[in-house]
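Take the two lone chains, each set in its own frame, and fit them into one complex as the hints suggest.
Chain order of the listed sequences is P and G. Its first residue numbered 14, the first sequence is counted upward by one per residue in our numbering. Its first residue numbered 10, the second sequence is counted upward by one per residue in our numbering.
Calculated directly from the structure, the hints in this document are not laboratory data. Cβ coordinates follow ideal geometry from the N, Cα and C atoms, glycine included. A couple of the hints might just be wrong.
As the list claims (entries may be wrong) - To give a feel for the contact side, a few chain G residues facing chain P, derived at Cβ under 7 Å:
id, residue
1, Pro44
2, Tyr48
3, Ile49
4, Val56
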Amino acid sequence: MALAAKFRTCPDTGLKVHSQAEALIKANAVLGIIFLAVGGLFGLLVALTRWPAVHLLPDELFYLILTGHGANVLLFWIIFFEIAVLYFASAVLLNCRLAMPKIAWLGFLLMVVGAITANVSVLQGESTVMFTSYPPLKAQPHFYLGLILFAVGALVGCFIFFATLVIAKQEKTYEGSVPLVTFGAITAAIIAVFTIASGAVILIPTWLWSMGLIANVDPVLYKVVWWAMGHSSQQINVSAHVAIWYLIAALLLGAKPLSEKVSRFAFLLYILFLQLASAHHLLVEPGISSEWKIFNTSYAMYLAVLGSMIHGLSIPGAVEAAQRRRGFTNGTFEWLRKAPWGNPAFAGMFLSLVLFGFLGGITGVVLGTEQINLIMHNTLYVPGHFHATVVAGTTLAFMAVTYLVVPLIFRRQIILPGLAKWQPYLFGIGVAGISLFMMGAGTLGVPRRHWDITFTDAAIAVDMPGTAFLMMGLNGLFALLAATGGLLYILIVVGSVLFGEKRTEAVAKANPVIFDASTVKSYGSEEHPKLSGTYVLVAIFFVAFVLYYYVNWKFLSEVWPLS
Amino acid sequence: MAGKSKEQGGDENVPFMQQLLDNPFILLFLGVASPTLLYIVWGVIEVAQIPIAQ
Chain P
14 MALAAKFRTC
24 PDTGLKVHSQ
34 AEALIKANAV
44 LGIIFLAVGG
54 LFGLLVALTR
64 WPAVHLLPDE
74 LFYLILTGHG
84 ANVLLFWIIF
94 FEIAVLYFAS
104 AVLLNCRLAM
114 PKIAWLGFLL
124 MVVGAITANV
134 SVLQGESTVM
144 FTSYPPLKAQ
154 PHFYLGLILF
164 AVGALVGCFI
174 FFATLVIAKQ
184 EKTYEGSVPL
194 VTFGAITAAI
204 IAVFTIASGA
214 VILIPTWLWS
224 MGLIANVDPV
234 LYKVVWWAMG
244 HSSQQINVSA
254 HVAIWYLIAA
264 LLLGAKPLSE
274 KVSRFAFLLY
284 ILFLQLASAH
294 HLLVEPGISS
304 EWKIFNTSYA
314 MYLAVLGSMI
324 HGLSIPGAVE
334 AAQRRRGFTN
344 GTFEWLRKAP
354 WGNPAFAGMF
364 LSLVLFGFLG
374 GITGVVLGTE
384 QINLIMHNTL
394 YVPGHFHATV
404 VAGTTLAFMA
414 VTYLVVPLIF
424 RRQIILPGLA
434 KWQPYLFGIG
444 VAGISLFMMG
454 AGTLGVPRRH
464 WDITFTDAAI
474 AVDMPGTAFL
484 MMGLNGLFAL
494 LAATGGLLYI
504 LIVVGSVLFG
514 EKRTEAVAKA
524 NPVIFDASTV
534 KSYGSEEHPK
544 LSGTYVLVAI
554 FFVAFVLYYY
564 VNWKFLSEVW
574 PLS
Chain G
10 MAGKSKEQGG
20 DENVPFMQQL
30 LDNPFILLFL
40 GVASPTLLYI
50 VWGVIEVAQI
60 PIAQ
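Only chain G is shown next, with the shape it has when bound in the complex (with noise of 0.2 Å):
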């Protein structure tokens, strides 16, 4: 089990980051949404940009 260390801290003061790191959801959402918009939407709307042959 893991236990905690003096490199936690104690739950009343936990930091930002690692709220965020200790949040599997949030960092689910993080890892989807990003490649999604910067890779996927932005990439599908180049392609439907490109005009259609004559």
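Bound conformation, chain P alone (with noise of 0.2 Å):
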């Protein structure tokens, strides 16, 4: 290799860091928040245009910002911060160097150059063609081409990623199986390889049409390959903020999975299956037959969902196991009661969890069911469930292990800690008001990606219930909620590195971050655990679970009656 591999040994962790992959987690992770605050300013901007009574932006611009606001946090922020920590689940967790590190920055260029093309093609005002990009609605060539080059950029980060897992194996830097955490992180890798092709292979065409170089692309057959790229990236999300939820809990607690077999065929299930969902943004696509929606979304998505069901009780099990090894053994939630909150990055990574299970993957399942997918389908309950999953769920468990990277990666002390304990606990209930009222109203008809839910000088007049405006009104609140949230993260993080008192082995020796860093690099499965608390939190979620999908069940039945 050309680069001689550096290291440093990290006085928090004990783990052998290289100082390429080291600057390159800094510099995908920086990267990530600088999109999270365009692309979070962009969605403020839309909740405020949704609320009736302020109705900010106005039309061409509400659907150009809405446009920038979905590829800027669905794709930019989301993968540079992914890429971030693929290289931290390689190099850093197997204590062995980054595979090319010269590779990885051209890489990490082609992200850069991609996503500011794709947002100058949109602030030009040409490309306002929303994150999906249907044809025949066409953008300039420059915007289909910045997304190419992200998704290239992205993919030589994949790549980075699977050569340095056969570096430290070479290497011999680890024994037996990887870290589970790894492992979660090669999900995400092999969900990112599927998806970028998917990309690739569907936007390199609908970029030679916009330059007139091809005449035609067919709109369902764009649909069908587009989703598997536009769903699919946000299964690489789900996959990398479970890994990095038992990254969380092993760190802070020394928490170790229920059972490392079991969790590692739950994430088998999601390599497997997960990608299959896209499926369900063509539910009611005419000419696609009903096998393939059914089997795709019905069979193949629960078996996905199974695996997260999997997870959802093995990291509450985890830290309920790890806590009654701590000695808080009382009653049978003593240990949830007593579990760190005051700490942003246990609080964060929990109401990640909580809210990822009970918003996103509930609401997830009854979207993905063919029939009662038809009451809720392209209404604004759809960006409500996703806010749930990858706002909620994903932006909210990588805001939560920002609060490791920066005093271990970054090597410098968090800055306000008194607002970033809170910080959370705004983001999240923000979030999940977001979530919630943006589902209540696409459950009374408000369409998704409408400037005017009233639709005004509509050929057939269309009288949304008071209701519907309420919803919207409180989406706008919270909204404004979730911002404050963001812009508190942005702003904690930002000072952090930039001003935080630098982390000498003197004060992480005073400050300690982690209580133990040896579970997460081990195999090992929790012994012989009491879950009473679990059990009973997992009963809560079944029971949540079923009486939902059976209320919407009983919706559909009176929204289309039979006699």
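Shown next as structure tokens:
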């Protein structure tokens, strides 16, 4: 290899950290946060426009900003941060050098150029095609080119990750199986390869079409292949944030999975089936058979949901077992009451877990059921669902782990620790409200991606119930709360990186941020755990799941009476 | 560094499932092949069978 491998030993974790890996983790995390700031601002503008009493933006600007919001938060923020996670889970957790750092930097550069190009194209106003960019809507060629460059750069990052796994195995920097967190990152990288390849397959011809080099892109074919990228990109997130849940639980509490084998099997279910959930976006598409729709959603997707439910039992179970080992054994819930709720990394992780499961998971199954999908397809329910998965789930988990990344990788103390304690709650509660009220409005028929829910001057008048307007107003209020939490996160993280006290060995010894690093590096399950509290939580989840599923079937029977 | 626990057993007797889970490239193949066949190829065949409007 060209660059000499330089390492430092982390005084907090004892891990060997390759300097190039560390620099790339920092660079990707910083760029991710910049695009989160841009995309988050756009999101606030969208929410304030959807708030009927405010209705901030004019129509054309609303659609432009909505396009930018989707690209910046669903692609750029998330994937930059995920590349940082991949490099951490390979080079750092496996104690080895990062493969081909110069190529990794080239990939990073491609992602930066691609993301900026796509943003410029959107802001120029000629590429207002929404995140999905369905033909015959046509953007400027550099919009597609930007997305393609970004995707190629991310693909390079995935291959660097796989090459680093090979180096670690060849140089025997670990024995036996890779740690569970690395296995979760492998899952994310595999889904990323499929996602990015699908994006290339459909965006390259669309780019050629935008330049007039090919005559036509079939809209239905585009939708099928595009969603293999558009939805699967969110499945990279799921795998990555589940890996981060295990990471945070292990670092802060020494929590071991209830069963390594079962948790790995749950990730295998993701590898095999999670991407197939893309089909739920095509459940009302004419011309595609019910066999294809039902197999990909109601059969295959349920296997991926089984994976999520295994993680949903395993992670709180691991936390409970670790807390009970630490002496919190009274009653059913002392372990939960006395969990480190003042630590933003833990609070963010646990909120992310609960909100993802209750709001994102249950509604995902409802959306993936062909029959009940009919009552909310293409309504505001869909963004409500994915704000629960991608924002309350992924973004909140990524925010939580940042409170460990800053001291451990950037070697800085977190500034404003009092505010940092509140940040995950502000953001989490804000996003939970956004998600709930958008889903409520969607259930009442409010369409997604529409500037004017009153449909003024429409040929056929639409009369939305007053409750729908109330929901949109509440959505705006909770968006303000989430934006406050998001702004606080950016202030704290950027401020800590720039102005935080340097975390020297002495500072690290006086201010420990982790409990135990050995668990996260090793293979092994919790032995003989007592999990009464987790079983109660899981029972509550199942009751909520069954009731909500039933309510939607009942609702369907009422909106479509059969006699 | 990941130590071997009793759960993993010796190298000479690694169960099939663990060999599968320990090989990221077989997993990569499965993770790309499964959705490519079940979602994309099958989906494209469905779209290709839609009659062209006269």
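Results of checking the hints against the structure:
no.	hint	verdict
1	Pro44	holds, 4 Å
2	Tyr48	holds, 5 Å
3	Ile49	holds, 6 Å
4	Val56	holds, 5 Å
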